[in-house]
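Working from the sequences, and respecting the hints, build out all of it.
2 protein chains.
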Amino acid sequence: MEWQGCPVRYAAGIFGDKWSFVLLRDVLLHGKRYYGDFLASEEGISTNVLASRLADLEASGMLTRHQDPEKRSRVFYLPTRKARDLLPALLAMMVWSVDHDPDTKAPESFAPFVKQDMARAVRWYEAQIDKANAPLLDKL
Amino acid sequence: MEWQGCPVRYAAGIFGDKWSFVLLRDVLLHGKRYYGDFLASEEGISTNVLASRLADLEASGMLTRHQDPEKRSRVFYLPTRKARDLLPALLAMMVWSVDHDPDTKAPESFAPFVKQDMARAVRWYEAQIDKANAPLLDKL
DNA sequence: GTGAGTCGCTTTTGATTTGCAAGTGATTTT
DNA sequence: AAAATCACTTGCAAATCAAAAGCGACTCAC
Numbered sequence: 001m002e003w004q005g006c007p008v009r010y011a012a013g014i015f016g017d018k019w020s021f022v023l024l025r026d027v028l029l030h031g032k033r034y035y036g037d038f039l040a041s042e043e044g045i046s047t048n049v050l051a052s053r054l055a056d057l058e059a060s061g062m063l064t065r066h067q068d069p070e071k072r073s074r075v076f077y078l079p080t081r082k083a084r085d086l087l088p089a090l091l092a093m094m095v096w097s098v099d100h101d102p103d104t105k106a107p108e109s110f111a112p113f114v115k116q117d118m119a120r121a122v123r124w125y126e127a128q129i130d131k132a133n134a135p136l137l138d139k140l
Numbered sequence: 001m002e003w004q005g006c007p008v009r010y011a012a013g014i015f016g017d018k019w020s021f022v023l024l025r026d027v028l029l030h031g032k033r034y035y036g037d038f039l040a041s042e043e044g045i046s047t048n049v050l051a052s053r054l055a056d057l058e059a060s061g062m063l064t065r066h067q068d069p070e071k072r073s074r075v076f077y078l079p080t081r082k083a084r085d086l087l088p089a090l091l092a093m094m095v096w097s098v099d100h101d102p103d104t105k106a107p108e109s110f111a112p113f114v115k116q117d118m119a120r121a122v123r124w125y126e127a128q129i130d131k132a133n134a135p136l137l138d139k140l
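First to last, the sequence lines map onto chains D and E.
Quick note on the UniProt record's numbering: the first sequence kicks off at 1 and runs consecutively.
Quick note on the UniProt record's numbering: the second sequence kicks off at 1 and runs consecutively.
A portion of the hints provided could be inaccurate.
Any copy, or any two copies together, can satisfy a pair, since identical chains are not distinguished.
As the list claims (entries may be wrong) - 27 Å max Cα-Cα, derived DSS-like pairs, lysine-lysine: (1) K139 x K32; (2) K139 x K82; (3) K71 x K139; (4) K71 x K131; (5) K32 x K18; (6) K115 x K105; (7) K32 x K131; (8) K105 x K139.
The hints are simulated quantities; they were obtained by calculation from the structure and are not laboratory data.
If you want it as C-alpha cells, here you go:
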C-alpha cells in the first residue's frame, strides 16, 4: 500500500495500530523502558508481537535500542525526539477520550490540566520523560 | 481484550486502525460523505473492509448513516459531534507528520497555520465540515 | 413495463497476520 | 556446574485481510 505523502497516512503507518499505540503510551507516559516492562503491561501483549512492534518503532525512528551495560542480557528502549514530539497529539487524543468515554478512569484533574495550557502540560510530561531516562543515560 | 478505562486504549479501540483512521480523515477533512466517495479514496479500501469499518464507526457514535431521500439506493454518512471533536487531535497528529516525514506532500502553509492558533484552525475546519454537510442536511 | 445499469453491501476464496505455547541461546546467579 | 533470567524465535491454529464475484434494491432509458 502507498502510505506516502499524506500526513494522516504517515501517522497511521507508524502508530495506526493498537499495539504500537500502547507501546508509545507506555514509553512516553508510564516511564517504561525495558523489554520486560512492556511485556508486563496489563493489556498482555505477546512476545512475538512485542518484538515485532519494537523493531518497527526502532526502524521508524521512534525508539533506540540499548543493551544494559550492567547486565548485558537486558535491553532497554529510549524514546527519540520524534517520539517525544508526539506528546501534543497524544495528549489531545487523551482529552478527547476523557470527554467522550463515559467509563474513563483518567483522574478528573487530567483534562482541565491539559486544556488550560497545552504547552505547559507538554513541558511537564517532557520533564517526566527526562526523569525516567536519567538513570539509563548515566549507564551509557 | 479489555479496552476499558485508559484513554489511550479507548482512542486505540476507535481509530487505532489504519482504515478507520483514513475514513475519519476523509469525512472530517475531505468532505466525503457517500459510500462511493470513501470507496474511491486513493488508498483503495476493499468493499468488505469499508462496510465493516463504517458499521464500527456508526456503532461507536462517530458517524450517522442516512439514506439519500432523492435516490434511495444511495447512502451517506455524517460525522457526529464526537467525531468533529477529534479535530484538535487529528490536526496535532498531522503537524507531527509534516514535521517528521521528509516526503510529506502537505502544503507548506499547513503546519504554520495550525501551530500559530490551533483554536482558529479548528474553527476553520469545522466551518468546512458544515459546508460539506449543508446540502445533505437540507434533504433530510 | 422491461432490461440494463448503479449502488451498497455480503459472500467466497485464498493469503497474510495474529495470539498462544513452547523453544533457544546468551548471559547471570547460586 | 546447574539453574534461572532475559530477549527474543519458531511452529501452529485461528482470526483477519484483500480481491473478486454475487446479490437485492433501486433507478433510468426507452
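Practice problem: Tell me, please, which holds for K139 and K82 at an alpha-carbon limit of 27 Å: within, between, both or neither? | Solution: Within one copy only: 22 Å inside, 46 Å across.
Quiz item: Between K139 and K32, at a C-alpha cutoff of 27 Å, which is it: within one copy, between copies, both, or neither?
Solution: Answer is within; shortest intra-copy Cα gap is 17 Å, inter-copy 52 Å.
Practice problem: Go through the copies and call it for K32 and K131: within, between, both or neither, with a Cα cutoff of 27 Å. | Solution: Within one copy, since 12 Å is at most 27 Å while 45 Å is not.
Quiz item: Using 27 Å as the alpha-carbon threshold, which applies to K71 and K131: within, between, both, or neither?
Solution: within (21 Å within a copy, 60 Å between copies)
Exercise. Tell me, please, which holds for K105 and K139 at an alpha-carbon limit of 27 Å: within, between, both or neither?
Key: neither (36 Å within a copy, 41 Å between copies)
Quiz prompt | Alpha-carbon proximity context of K32 and K18, limit 27 Å | solution = both (17 Å within a copy, 25 Å between copies)
Exercise. Can you give me the call for K115 and K105, within, between, both or neither, at a CA distance of at most 27 Å?
Key: Within one copy only: 18 Å inside, 30 Å across.
Practice problem: Indicate which option fits the pair K71, K139 if close means a Cα-Cα distance not exceeding 27 Å: within, between, both or neither. | Solution: within (11 Å within a copy, 68 Å between copies)
Of the numbered hints listed earlier, the single one contradicted by the structure is hint 8.
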